[in-house]
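Student: Spelled out, the chains give:
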Amino acid sequence: MILEKLWPAAKVIIFNTAGDFGNGGPRQKPLPGFHFIFDISTLADWLLKAKLENWPRVRICFTPLRSNVDPLEIFRAVCRLVADFGDVLFFVDEIWNFQTSSSSPYELRELMLQWRHYGLCLMWTAQIAQKVDKTLLSVSTEMYVGRLNLENDLEAVRRNARIPEDALAQVPNLPDWCFIHRFENGSWKVERP
Amino acid sequence: MAQKKRRGHKKAIPAKVRTNGAAQVDTAKPSGDPLAGAENLANDLVGSVRNMIKKKEPSSSSPEQQQPGSQPSPVEDGSIPSPKTSSESSDVRELAQTVEQIHAKFGAPAPENPTPGASAPGPEANQRGPDIGPGVVEPPDHDFIPRETVREILELIFSGTGKALTPNESRSLTPLTVDMSNEQGPRLMGNSESRAFWIWLGVMTVFIAVRSERGARLIEWICDAVTGTGKSKVEKPKEENKAESKPVVDAKKASTQPVADSTSPASLAFKEDSGFQVPAKQP
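Heads up: the sequence lines are chains A and B, in that order.
Here this note's numbering is used: the first sequence runs in plain steps of one and ends on residue 193.
Here this note's numbering is used: the second sequence runs in plain steps of one and ends on residue 283.
For reference, chain A alone in the conformation it holds in the complex (with noise of 0.2 Å):
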């Protein structure tokens, strides 16, 4: 589901937080047609290149090696690239990873609120929707949501995500890979991939 998003795109930079994306492991979800970079300065001399060049298509898979960086460093330098780079889809894996469920970093910040000024699609995926930002489950323009049991994630999307009260029914009993899809204008279905 998320690589029919993504495909269309024609310029996308994924933050791979948990390292699911990659063409070789055995538990990682394969990409075709991505570069994998792991590292901050390679990522920013590709971004430089490819804004300089005017490649026509973009396309790189940021996965963060652990080192004695703190991954929420590296995070915000990347925002600051992709919001500098311009015209791309942003994809954050498990975004949760860098925010609270009342603050966000300033550079996810800008990247959340002031996403049309630099021609950016923020997409983001969580396990648990009482960890992330308010204010990120309240901008975005269309949801997914998948079976939540906790009171205070259904809380969240209650509150938030602008989620319909007949739609909020379903989510304990949504079965396995299926989702509560909201678009962008309050109305809703189920689907599954």
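These are calculated hints, taken from the structure and not from any lab test.
Every residue, glycine too, gets a C-beta built ideally from N, C-alpha and C.
Relax, there's no trap hidden among the hints.
Under 8 Å between C-beta atoms, here's a sample of chain B residues computed to sit facing chain A:
id: 1; residue: 94
id: 2; residue: 99
id: 3; residue: 174
Derived lysine to any residue pairs resembling SDA-like cross-links, with alpha carbons at most 25 Å apart:
id: 4; chain 1: B; residue 1: 105; chain 2: A; residue 2: 66
id: 5; chain 1: A; residue 1: 29; chain 2: B; residue 2: 170
id: 6; chain 1: A; residue 1: 189; chain 2: B; residue 2: 149
id: 7; chain 1: A; residue 1: 131; chain 2: A; residue 2: 160
id: 8; chain 1: B; residue 1: 105; chain 2: A; residue 2: 52
id: 9; chain 1: A; residue 1: 29; chain 2: B; residue 2: 175
id: 10; chain 1: A; residue 1: 134; chain 2: A; residue 2: 72
id: 11; chain 1: A; residue 1: 189; chain 2: B; residue 2: 169
id: 12; chain 1: A; residue 1: 5; chain 2: A; residue 2: 190
id: 13; chain 1: A; residue 1: 11; chain 2: B; residue 2: 97
id: 14; chain 1: A; residue 1: 134; chain 2: A; residue 2: 96
id: 15; chain 1: A; residue 1: 29; chain 2: B; residue 2: 176
id: 16; chain 1: A; residue 1: 29; chain 2: B; residue 2: 148
id: 17; chain 1: A; residue 1: 189; chain 2: B; residue 2: 166
id: 18; chain 1: A; residue 1: 11; chain 2: B; residue 2: 93
id: 19; chain 1: A; residue 1: 5; chain 2: B; residue 2: 172
id: 20; chain 1: A; residue 1: 11; chain 2: A; residue 2: 65
id: 21; chain 1: A; residue 1: 29; chain 2: B; residue 2: 171
id: 22; chain 1: A; residue 1: 11; chain 2: B; residue 2: 88
id: 23; chain 1: A; residue 1: 189; chain 2: A; residue 2: 158
id: 24; chain 1: A; residue 1: 11; chain 2: A; residue 2: 73
id: 25; chain 1: B; residue 1: 105; chain 2: A; residue 2: 71
id: 26; chain 1: B; residue 1: 163; chain 2: A; residue 2: 192
Now the stretches of chain A that chain B is said to cover, found in silico as 3 or more residues with beta-carbon under 8 Å:
id: 27; region: 40-47
id: 28; region: 78-88
Fit chain B to the given chain A structure using the hints.
Tutor: This is chain B only, laid out in the frame that chain A set:
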């Protein structure tokens, strides 16, 4: 360094004082040549603007001057192509500044030159295929057949002849549709040699199934065994063998005339089961 700065500062101060003083003198004159005063004012204005530009020049041009030095790798010939518009140039400048800051903070990048054909460092670099160029995009590995079509095909296979799958059963096909058909399928079909083999195998299977009754029966038997529809059909080949052997016996019996018939006079009337053809009528 501090002394040099102080000396430079001292030089700058008298210049300011001089210009201000000149302006004051000119404007304080109650009468005189107004054109000369205006000329002095204009000169002062030009001088102050020049000073402003001189002060700002290093900061505004520093990213452009520093780009080639700090980023030698992005462009092959070492020069950075000039952007078309001022907005583009400012965007590139901001990005270059950010890149510089990142290099300063996180260190220089790996020796890899960011060329599209180069491979990225990391544990998976050797496991994946060649990288694509900026303008060349590989077709998607996933969904080379639409998922719904794969699902319908699998539902047809697993539902057998009549019984339709329940929604839960249909949902349980998802791992098969996604993982097997959409992921393993491209891997098997990705190599051109494998693709030729599978195409040949498919064509031959269809050919055998069409031409040979036994082949068709075997395929039908395999399908029945896989889908598990009707165990009676699994034993069908035996019944068919019996059915095949029976006509042979009947034919043998038919070849020998019955005892009663042997004594009865032969009939010259044409019968369809006699094995003889009706002679064509002559005109």
